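> Sequence:
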Amino acid sequence: MAYIDDIAQHDGQTVTVKGWLHNRRSSGKLHFLTVRDGTGFIQAVMSKATVGETQFAQAGHLGQETALVIEGAVRADARAPGGYEMDVTALEVVGSATDYPITPKSHGVDFLLDRRHLWIRSERQHAVLRVRHTVINAVRDFFNSRGFILADTPVFTPAACEGTTTLFPVSYFDTTAYLTQSGQLYNEANAMALGRVYCFGPTFRAEKSKTRRHLTEFWMVEPEMAYGTLDDAIDLAEALITSVVARALDERQRELDTLERDREPLERVRTPFPRVTYDEAAQILTDQGRPFEYGGDFGGPDETLLAEHFDRPVAVHRYPAATKAFYMKPDPERPDLSLSVDILAPEGYGEIVGGGQRLDDLDLLLQRIREHELPQEAFEWYLDLRRYGSVPHAGFGMGIERVVAWICGLEHVRETIPYPRLLNRLTP
RNA sequence: UCCUGAGUAGCUCAAUUGGCAGAGCAUCCGGCUGUUAACCGGAGGGUUGUAGGUUCAAGUCCUACCUCAGGAGCCA
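Just so we're aligned: the first sequence equals residues 214 to 641 in our numbering.
Hints are not guaranteed to be accurate.
Said to hold, decoys possible - Each computed DSSO-like pair below joins lysine-lysine, with the alpha-carbon atoms no more than 30 Å apart:
#: 1; residue 1: 261; residue 2: 421
#: 2; residue 1: 231; residue 2: 261
#: 3; residue 1: 318; residue 2: 423
#: 4; residue 1: 318; residue 2: 231
#: 5; residue 1: 318; residue 2: 242
#: 6; residue 1: 261; residue 2: 318
#: 7; residue 1: 231; residue 2: 242
#: 8; residue 1: 261; residue 2: 242
#: 9; residue 1: 537; residue 2: 423
For the record, the hints were derived by calculation from the structure and aren't laboratory data.
Since this is a predicted model, take the numbers as computed values, not measurements.
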């Protein structure tokens, strides 16, 4: 028994591989069977002279995705796509397959998404999901090695936390709960308890967005640091992004090749990142002749234009307070600005990080809650954090799917998660 | 919610001015001892998204609806 991924260790040996038939080509008295086992792909060569007439004929009728076990000798061969191939001595069918819908030719997005449970068997999807795996592990290792404590926040949240328009309501016994759209508020409580913390889980937004950057269910990692400042948050985000990209480049070369990803832009991702204020960013856009109203948030095309100015991710900080959430701390030198930051990925992948320093003053926070017309009673527990030993603190959220889409060079974030949830798609 | 575009064979797409419904792949049959989305020969496969309308004649023109895609707003 061997896995294709480490087939090179078995050169010259006879091994058994358990997998599925990915593709088949025939040439008279030879069958070329591309077999996949989840770890990789290998070409198995079956000769009529070796296996005999009956088995050879049977193998000629195997459908794509037939589950099978093959036995054969491993041999290095320059003609084989993976550098190695197997000379088949025995083949056993474990589960048959006929008329597999995803053929080796091209398919449309809708067709593939309807068959996402099968689509993930393809080579490109293997590559993307392996990169995702590496990104997630790199994120966890990054925080774990720096003394951050994983403290996950609830998925069910009570009513009316941040305005309900983008929240998914769910029936919760005799009341209504909402699926979380951020672990932010609980993260702050956790930071006051444990110092430096992070949460990492799915978040939900009922936004009616149909763009290549949006999912209704996506995974977000959110660190929060007690006694942290805006600059600390930017430093941390910069180090995190750099670390994750380096890890993907190091561990997933083969996958990035499969995806035909140009590695050069990723290799430029090193600290320090350029940092510009919102005002400076607005100036850049104005200089580019882009019609832009000062005081508003940047749109998708604005972000792309801004990112094109730099050779690596760019941190845009100090957005107008009016565009950001009620818990953002105002800049002491310019109270109309907030101590906030967005980090924009290159190549049009948009905002991958959003965060900042939080409001730690009780009276000002109460005022903001009133200004945003939020129900104070729902925030009493959050206000307690300012009543009992309030300290400066900062953090951010990073969207995993956007990071994976950027690293893989994909057109759309829907391929970065096994089962994407989109505006009009809840199945499979 | 708004803007733009697209729905034709299992899949990806053609079909000229409104005039016989086509190809490649997949499937089935046959051929080929080194194929790389193999190739070669043959066969089967259609309520042209749905419902109306105009016309001698509609895949093609008109109306409504449905589905999908891309984008805007909003966001990670």
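> Looking back at the numbered hints, which does the structure fail to meet, lowest number first?
Violated hint: only 1; rest satisfied.
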